[in-house]
Amino acid sequence: MKVLTGNDLKTGDVIWWTGEGWSRHVDDAVDTGEQGEQILATEEAARRVNVPYMIEATREDDGSVRPAHIKDRVRALGPTVRPDLTLKPKSPEALDWII
Amino acid sequence: MYQYDQYDQAMVDARVEEFRDQARRRLEGKLTEDQFKPLRLMNGLYLQLHAYMLRVAIPYGTLNSRQMTVLGDIADKYDRGYGHFTTRQNIQYNWIKLEDAADILADLAKVEMHAIQTSGNCIRNISSDHFAGATHDEIIDPRPYAELMRQWSSFHPEFTYLPRKFKICVIASEKDRAAMRLHDIGIQIVKNADGEVGARFFVGGGMGRTPMVAPMIRDFVPLDQLITYAEACLRVYNRYGRRDNKYKARIKILVHELGKEEYTRQVEEEFAHLLEQGVEPPHEELARIAKHFGDPAFEDGPKTVDRSDPDFALWVDRNSHRHKHDAYVSAVISLKPVGGIPGDATGEQIRIMARLAKQYSFDELRIMHTQNVVLPHVKIADLHALWTELDAAGLGAPNMDTIEDMIACPGLDYCALANARSIPLAQRISERFDASGKTEKLGELKLKISGCINACGHHHAGHIGILGVDKKGVENYQLSLGGSEAEDVSLAKITGPGFTEDGVIEALETVTDVYLERKEGEERFLDTYRRIGMEPFKEALYG
Chain A
312 MKVLTGNDLK TGDVIWWTGE GWSRHVDDAV DTGEQGEQIL ATEEAARRVN VPYMIEATRE
372 DDGSVRPAHI KDRVRALGPT VRPDLTLKPK SPEALDWII
Chain B
14 MYQYDQYDQA MVDARVEEFR DQARRRLEGK LTEDQFKPLR LMNGLYLQLH AYMLRVAIPY
74 GTLNSRQMTV LGDIADKYDR GYGHFTTRQN IQYNWIKLED AADILADLAK VEMHAIQTSG
134 NCIRNISSDH FAGATHDEII DPRPYAELMR QWSSFHPEFT YLPRKFKICV IASEKDRAAM
194 RLHDIGIQIV KNADGEVGAR FFVGGGMGRT PMVAPMIRDF VPLDQLITYA EACLRVYNRY
254 GRRDNKYKAR IKILVHELGK EEYTRQVEEE FAHLLEQGVE PPHEELARIA KHFGDPAFED
314 GPKTVDRSDP DFALWVDRNS HRHKHDAYVS AVISLKPVGG IPGDATGEQI RIMARLAKQY
374 SFDELRIMHT QNVVLPHVKI ADLHALWTEL DAAGLGAPNM DTIEDMIACP GLDYCALANA
434 RSIPLAQRIS ERFDASGKTE KLGELKLKIS GCINACGHHH AGHIGILGVD KKGVENYQLS
494 LGGSEAEDVS LAKITGPGFT EDGVIEALET VTDVYLERKE GEERFLDTYR RIGMEPFKEA
554 LYG
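First to last, the sequence lines map onto chains A and B. 312 is the number of the first residue of the first sequence in the numbering used here; add one for each residue after it. 14 is the number of the first residue of the second sequence in the numbering used here; add one for each residue after it.
Think of the hints as simulated: they come from the structure by calculation, not from any bench.
In silico negatives: residues of chain A with every beta carbon more than 10 Å from chain B:
#1 Val-341
#2 Thr-343
#3 Glu-345
#4 Met-365
#5 Glu-371
#6 Ser-375
#7 Glu-404
FRET-style restraints, in silico, Cβ to Cβ:
#8 B:Phe-233 to A:His-380: 48 to 54 Å
#9 B:Arg-278 to A:Glu-345: 55 to 61 Å
#10 B:Arg-278 to A:His-380: 45 to 51 Å
#11 B:Asn-258 to A:Glu-345: 31 to 37 Å
#12 A:Ala-357 to B:Ala-553: 58 to 64 Å
#13 B:Leu-529 to A:Pro-394: 34 to 40 Å
#14 B:Glu-298 to A:Thr-329: 57 to 63 Å
#15 B:Arg-37 to A:His-380: 33 to 39 Å
Glycine included, each C-beta is placed from N, C-alpha and C at the ideal position.
My request is simple: use the sequences and hints to build the entire structure.
In C-alpha cells form, the structure reads like this:
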C-alpha cells in the first residue's frame, strides 16, 4: 500500500494521512492509491502538513500498518533507545516491529 | 570568559525578533517551507525524524554556570527533559516545537547564547581544546583568538553563502585534543625558534564521505595577521570551491584538486593583497577580548588526593587532566554511563553540573567534542567532594578515553540523514565490555560510531571506527581500524565486509583480543595496529 506521511507544521510531530485528516498513529494510515500526490499537494498548501512524502507500507494480518523502510518505522514509533518516549511505551514487541 | 558587549547583545536580540517574525509568517502560511527552510537553518532549527531539532552554539565549548542552567531549563521547559551534547562542542534538543523556537532563542539571548550559524553553508562554531586556559602544556590560551574568529565570522557578509559548511579549530599545544587537522582550517598556535608566538595553518581536512587530513600550508603566521590569513584561505575557497556538486564542495576537495602548492600560492597572493587592505581587526579589539580570559584567583593547596577509596582513585586517574597550577586539575564529567546514551544529559543533570561548576570551578564549564563536560579548574583538595556529588547524580563514570567513552552520533534513532542506528551499539558495547572487565585491560582505546557516511561520529578517526550503512533496508556495520584525531593523526582503514549488529560486536571482541595477544609493553591498541598492520586483524575476523 502507498501511505502519505509528513510532519505537523507547529509541533514537528510525525503524522499519517487517515483518509479524512492526520493521525500520530501509523496504524490509522490508509492506502492512498493513485491519489497520494494530489492529497499531498492539497494538504501541504493548506499547511496541515510539513514536508509530506509517500512511502510504501504493508497492512499486517492484525490490521496494523508497517512501513517498508526501517527509517519510517523509526519515525512511526519513536527512538528505539528511549522506550519511554515511543508511542507504544511498554510494548515488548516494539523493537522487533522496527527491526 | 568572554561577555557580550552592547553590539553583541543587540545583534543577538535583533536576530531573535527577526526569527520570531519569520516563524510567525511560516505558521500563518505567508512563507512556504522552501522559503522558510534556509531561514530556520540559519537559526539552528532542523527538521529531524521525529520533530524539529534545535542546535545551540557553545563557542569553543566554553560556558558559565548561568548559561548551563538555562540549557538545563530549556530541556525541561521546551523539550522532553534532556539535551544532547555534540561533537562540535554544542548542544542540541530533539523535540522542539516551531511555535516555541523563538521563545527558546529569547531565553538563550538573555544569557548571551544563540543558535546562529549552527547550520548552513557558513563558518560554524569555532572549536578549541576543551582544556584551553587550564592545561599545563599550552603555549598561550587559544580562546581569545577563537573568540576573535567567532566575532569575525559571525554574519560575515562575504562568507554567509560559502560553497559548503566551514569548520575552524584553534589550539595552542602540541597535544591535539580537538581533532584540529580534521577541520577545514586547523590553527595551531606555536612558538618559533626566536621565541615568537604565531600560528601554523592546516587547510583542507575533514571527515564525511571523503576523509582527509589537512596539510600544513604555512608554518608561521604572526598572530597579528591571523584573521587576514584566515580570510585569504576563505576567499580562495569562496571563489573556486565547487558549487555544482554538494559532495565535492568542501575546501578539502579544492585543496586536493588544486594541489597543496597551488592552493597555497593563491592564498599567499590573496594574503599579500589583503595585507595592503588592512582587514586585520585593531589590536585594541584583541586586547579587549583577551581581558575576559585572565586566570581566576588560584590558591595553593594539596597536590595529591587520599587514594584509600579505590573507586575515587580510579576516577581521578581516568578523568582528571594535569592543570597549569599544581594545586588544581581539570575534571572530566563523563556523559557515558554504562549502557547510557553518549552525550545525553537530563535537565536536572545539566543544572547539577552548572551548580558544581559554580562551587568548584570558578563558574566555568567546557564541552568536549567527545561529548563529555569539563570543569576546567578544580582544586585537588575538592576532588573527593566533587566526585561524590557527581557519582550520586549518575555522572561519575570513570571511563575517559576508554572503549566505553565512545563517540556516537544520534544515528537512525533521531537523524534524518542516518542509515543505521549508532546509539544501541554504543550501549551494548559499553555494557558488555564493562561487565567482562575488558575495558580495564584495553586501556586507551578510542571507539567512534557513525550512523552514516557523513561521519558525525568521527568513525574515520577512531582507533576503531564503526560505520552504519543501509544494506537493502537492513542495518549493516563496517569496521575500520587505525584512525586517530590526535597529534598522531591518521585515517582508519576498513577491515573488509560489514557485519550485522550482533556481528560487529563480536568483531569488536575479536580485534581487541588480537590486540591483547599481540601488544608489547605499554602499547595502546593504535600502537599495536601500527606495528603489526591490518593483516592479523583481518585474519582473525575473516579467516
